[in-house]
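Visitor: One-letter residues, chain by chain:
4 protein chains.
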Amino acid sequence: MRILIFNEHKQDKTEAAVRAVYPNFIHNALADVLKDGNTVKTVTLDDENCGITKEILDQTDVLFWWAHIAHHEVPDAVAELVRDAVLGGMGLVVLHSGHMAKPFKLLMGTACTLRWREGSRERIWVTSPGHPIAKGVPEQFELAQEEMYGEYFDIPTPDDIVFMGWFAGGEVFRSGVTFRRGLGKVFYFQPGHETSPTFHHPVIQTILRNAAEWAAPTCRGNILYCSNPAPLETGAE
Amino acid sequence: MRILIFNEHKQDKTEAAVRAVYPNFIHNALADVLKDGNTVKTVTLDDENCGITKEILDQTDVLFWWAHIAHHEVPDAVAELVRDAVLGGMGLVVLHSGHMAKPFKLLMGTACTLRWREGSRERIWVTSPGHPIAKGVPEQFELAQEEMYGEYFDIPTPDDIVFMGWFAGGEVFRSGVTFRRGLGKVFYFQPGHETSPTFHHPVIQTILRNAAEWAAPTCRGNILYCSNPAPLETGAE
Amino acid sequence: MRILIFNEHKQDKTEAAVRAVYPNFIHNALADVLKDGNTVKTVTLDDENCGITKEILDQTDVLFWWAHIAHHEVPDAVAELVRDAVLGGMGLVVLHSGHMAKPFKLLMGTACTLRWREGSRERIWVTSPGHPIAKGVPEQFELAQEEMYGEYFDIPTPDDIVFMGWFAGGEVFRSGVTFRRGLGKVFYFQPGHETSPTFHHPVIQTILRNAAEWAAPTCRGNILYCSNPAPLETGAE
Amino acid sequence: MRILIFNEHKQDKTEAAVRAVYPNFIHNALADVLKDGNTVKTVTLDDENCGITKEILDQTDVLFWWAHIAHHEVPDAVAELVRDAVLGGMGLVVLHSGHMAKPFKLLMGTACTLRWREGSRERIWVTSPGHPIAKGVPEQFELAQEEMYGEYFDIPTPDDIVFMGWFAGGEVFRSGVTFRRGLGKVFYFQPGHETSPTFHHPVIQTILRNAAEWAAPTCRGNILYCSNPAPLETGAE
Numbered sequence: 012m013r014i015l016i017f018n019e020h021k022q023d024k025t026e027a028a029v030r031a032v033y034p035n036f037i038h039n040a041l042a043d044v045l046k047d048g049n050t051v052k053t054v055t056l057d058d059e060n061c062g063i064t065k066e067i068l069d070q071t072d073v074l075f076w077w078a079h080i081a082h083h084e085v086p087d088a089v090a091e092l093v094r095d096a097v098l099g100g101m102g103l104v105v106l107h108s109g110h111m112a113k114p115f116k117l118l119m120g121t122a123c124t125l126r127w128r129e130g131s132r133e134r135i136w137v138t139s140p141g142h143p144i145a146k147g148v149p150e151q152f153e154l155a156q157e158e159m160y161g162e163y164f165d166i167p168t169p170d171d172i173v174f175m176g177w178f179a180g181g182e183v184f185r186s187g188v189t190f191r192r193g194l195g196k197v198f199y200f201q202p203g204h205e206t207s208p209t210f211h212h213p214v215i216q217t218i219l220r221n222a223a224e225w226a227a228p229t230c231r232g233n234i235l236y237c238s239n240p241a242p243l244e245t246g247a248e
Numbered sequence: 012m013r014i015l016i017f018n019e020h021k022q023d024k025t026e027a028a029v030r031a032v033y034p035n036f037i038h039n040a041l042a043d044v045l046k047d048g049n050t051v052k053t054v055t056l057d058d059e060n061c062g063i064t065k066e067i068l069d070q071t072d073v074l075f076w077w078a079h080i081a082h083h084e085v086p087d088a089v090a091e092l093v094r095d096a097v098l099g100g101m102g103l104v105v106l107h108s109g110h111m112a113k114p115f116k117l118l119m120g121t122a123c124t125l126r127w128r129e130g131s132r133e134r135i136w137v138t139s140p141g142h143p144i145a146k147g148v149p150e151q152f153e154l155a156q157e158e159m160y161g162e163y164f165d166i167p168t169p170d171d172i173v174f175m176g177w178f179a180g181g182e183v184f185r186s187g188v189t190f191r192r193g194l195g196k197v198f199y200f201q202p203g204h205e206t207s208p209t210f211h212h213p214v215i216q217t218i219l220r221n222a223a224e225w226a227a228p229t230c231r232g233n234i235l236y237c238s239n240p241a242p243l244e245t246g247a248e
Numbered sequence: 012m013r014i015l016i017f018n019e020h021k022q023d024k025t026e027a028a029v030r031a032v033y034p035n036f037i038h039n040a041l042a043d044v045l046k047d048g049n050t051v052k053t054v055t056l057d058d059e060n061c062g063i064t065k066e067i068l069d070q071t072d073v074l075f076w077w078a079h080i081a082h083h084e085v086p087d088a089v090a091e092l093v094r095d096a097v098l099g100g101m102g103l104v105v106l107h108s109g110h111m112a113k114p115f116k117l118l119m120g121t122a123c124t125l126r127w128r129e130g131s132r133e134r135i136w137v138t139s140p141g142h143p144i145a146k147g148v149p150e151q152f153e154l155a156q157e158e159m160y161g162e163y164f165d166i167p168t169p170d171d172i173v174f175m176g177w178f179a180g181g182e183v184f185r186s187g188v189t190f191r192r193g194l195g196k197v198f199y200f201q202p203g204h205e206t207s208p209t210f211h212h213p214v215i216q217t218i219l220r221n222a223a224e225w226a227a228p229t230c231r232g233n234i235l236y237c238s239n240p241a242p243l244e245t246g247a248e
Numbered sequence: 012m013r014i015l016i017f018n019e020h021k022q023d024k025t026e027a028a029v030r031a032v033y034p035n036f037i038h039n040a041l042a043d044v045l046k047d048g049n050t051v052k053t054v055t056l057d058d059e060n061c062g063i064t065k066e067i068l069d070q071t072d073v074l075f076w077w078a079h080i081a082h083h084e085v086p087d088a089v090a091e092l093v094r095d096a097v098l099g100g101m102g103l104v105v106l107h108s109g110h111m112a113k114p115f116k117l118l119m120g121t122a123c124t125l126r127w128r129e130g131s132r133e134r135i136w137v138t139s140p141g142h143p144i145a146k147g148v149p150e151q152f153e154l155a156q157e158e159m160y161g162e163y164f165d166i167p168t169p170d171d172i173v174f175m176g177w178f179a180g181g182e183v184f185r186s187g188v189t190f191r192r193g194l195g196k197v198f199y200f201q202p203g204h205e206t207s208p209t210f211h212h213p214v215i216q217t218i219l220r221n222a223a224e225w226a227a228p229t230c231r232g233n234i235l236y237c238s239n240p241a242p243l244e245t246g247a248e
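Protein chains in written order, with this note's numbering: chain H, 12 to 248; chain F, 12 to 248; chain R, 12 to 248; chain L, 12 to 248.
Errors might be hidden in some of the hints.
Note: identical chains are not told apart, hence a pair may lie in one copy or across any two.
[To be verified] In silico lysine-lysine, DSSO-like type, Cα no more than 27 Å apart, as pairs:
id	residue 1	residue 2
1	65	116
2	146	65
3	24	52
4	21	146
5	65	52
6	52	116
7	146	24
8	46	24
9	116	21
10	116	24
11	46	65
12	65	21
Derived by calculation from the structure, the hints in this document are not laboratory data.
Please build the complete structure, drawing on both the sequences and the hints.
Guide: This is how it looks when you write it as structure tokens:
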């Protein structure tokens, strides 16, 4: 698979608490998880146009997206390129605070809002044990420190809810949800706060690798047109 | 119910073939169908800002939308007002070529494209006979002349497929589909071409009235925010 | 609405801890909640054939089902009558340990198993705030003492997840889920343990009344046949 | 993959019109389609207990099921074994008149009825072009002679509608539908009438091979129990 990782790359440059967890930056931490058997590239907001063009997306099977405080710095045109690539078959895995990223919001059509609080303990439950993304994942596991994301999560009805999160502070969340959009597949996954070592957790790494495999395209194409064909049935009208 | 009808009001002003079918214009034809027991208002592209403001939508239970050749004349800001009103609970019924209308595309997140051909014969089948929108509708009925809309229809997985269309030219279509978005409900209905007397058909009128009743809000509210509450559980973290 | 309440009526006759909470029995407690504006009847395992016949179900809009330790005492033929009535349009509300009741299992086709533990504290979250069953329900509320029901809950993908449960012991659950089956609607609701005063809780009572209204039939009919009609299109084959 | 094919093997033994199309019987025709790269076994009603035991199903990745006039000859216990194997992860592909087969009806919970007529012309449309089962399938293709199966098809809301059928006689049908049940996946596919050369059609063969691959288990297990675990959270209740 050809995997592209977008990281806004702000807090992991400037904030000590984030550097402590991801000294080699979030995009490289994700690349380390995903590189076995795959071609992995990384881009950030520091790259011109986020390092994203139509040509690059055409050569991408699955795009991972991590972003938090600078969603507004992603140009609308880039977000639209990502949306169109998903509709044309590219897989998209949106991580944590990416729930407010422009491409995800474009693809959902809803506000994608939720409630949140830093510094929570989370327990993740598998709620679709036969789903490919849950392969090799225990029926539940704990993240000692994550950011609480709680319901109501304003998304369309997901095709599948693979994981649900329990938080020590009293909240629940649809933590791993899938959506088909056009020819492409989208997976949103809630864990991954910048000050938590989530992407170093072996079960999380299994989930990320499963998600890449699941989201890879079955076919690519251009359905972004209206066609006006002749009748198939002779003299039918 | 307080119903608002938007009609772009172009072809029914200028084209003889449309005037012949809807001499009193499409919005008024729809208003006639929906007026019993309801407060019905109509707006068009001739009104400033499409006649749509946040205050007006706050006072609207269900918005009907018919448009065809002038989707681009609807300001983005108006489309976003409609989307936000749906997320806040307002019902939306999108008719026929409204599949390419800006508010519908914003709410779907997909291309909403399809194949099409003018002058087809259509047979509509009920595929969710217990659904409120199918109440009183026979198991199938025929429209002697409609525009063919054929698959693949690029929409997210609908919550329900209430109607499916059969076309004499060899095509099929998900002709009546529902979507929950935020607090609001959306119904897309394929029949309603401007040169066909579709909105004069008694079964179509039953469906339109059912759709209004189904789409009416259960509750209204503002979920367009992220909240950051304190833990509910004392000492839980 | 014509509401029928089935209670197996075992523990609320013989166990002091249950009598303390429901001195007038569970079916009567439910009847008290639902009687305003409705015709309510109750039946139990003490009635011949559970008090259920095809004629009685034909006269029932919504059937509530509470049972726990005596699912096996319900004759298969009664379970099949209930299933067929739902397919023909009757609403069904299955409460708590009714997840293992024969009619529910017949309608789901899955094992309907889950994990459980008595004496838990539960917090219920609304996850579909625009759904009619959530009308008037706060965004979350607490039940000081309920039975923990935890994932994985072996059910088909629900049409809607109206409520999700958080348990102090670390579990989550899809606590309020809807399913369309044939012409009928099914709502499963997890709270309602026999030693907890759940059915006395005002929010729970709101939910039960909403569920009855939501599950009431849009239409009734017999779709339990295969038909073999002539072609609709002359000379089409 | 280890594939098991069940064919009731009645009409393809005794009826000349069927023998003419499938001289080597339906199960062997299917085996020929599926044998490349897979271990394929076939069983029929002539085998003791349909040739199906728990041990055999435990060694099966995907079970194909073709049956028509002798559903009642399949013992209930065999149908329950199949259902339980699906809940435990085995894939199930149900063909054509298998819509009334006992294992399918058990897994659906609905009547599974439809309308039908022999000797129709069908056109099949892809309605989920990114789905693995649609891989390599053209956007539409024709079967010159099939049995018409028409809506209303009494099934639960499918997870995906991969194919929709158009019939020259005026009907439409959800011809290829998927369902997750427990750990297993179910695909129902409408074409395959015994007097039509459907299983010799190259596109149909592609679909059957895709279906086998899609339905193969991600994991196998036993979720057919209720567990009663201790709290995960110390002192939580």
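Visitor: Can you name, in rising order, the numbers of the hints this structure does not satisfy?
Guide: Numbers 4 and 7, in rising order.
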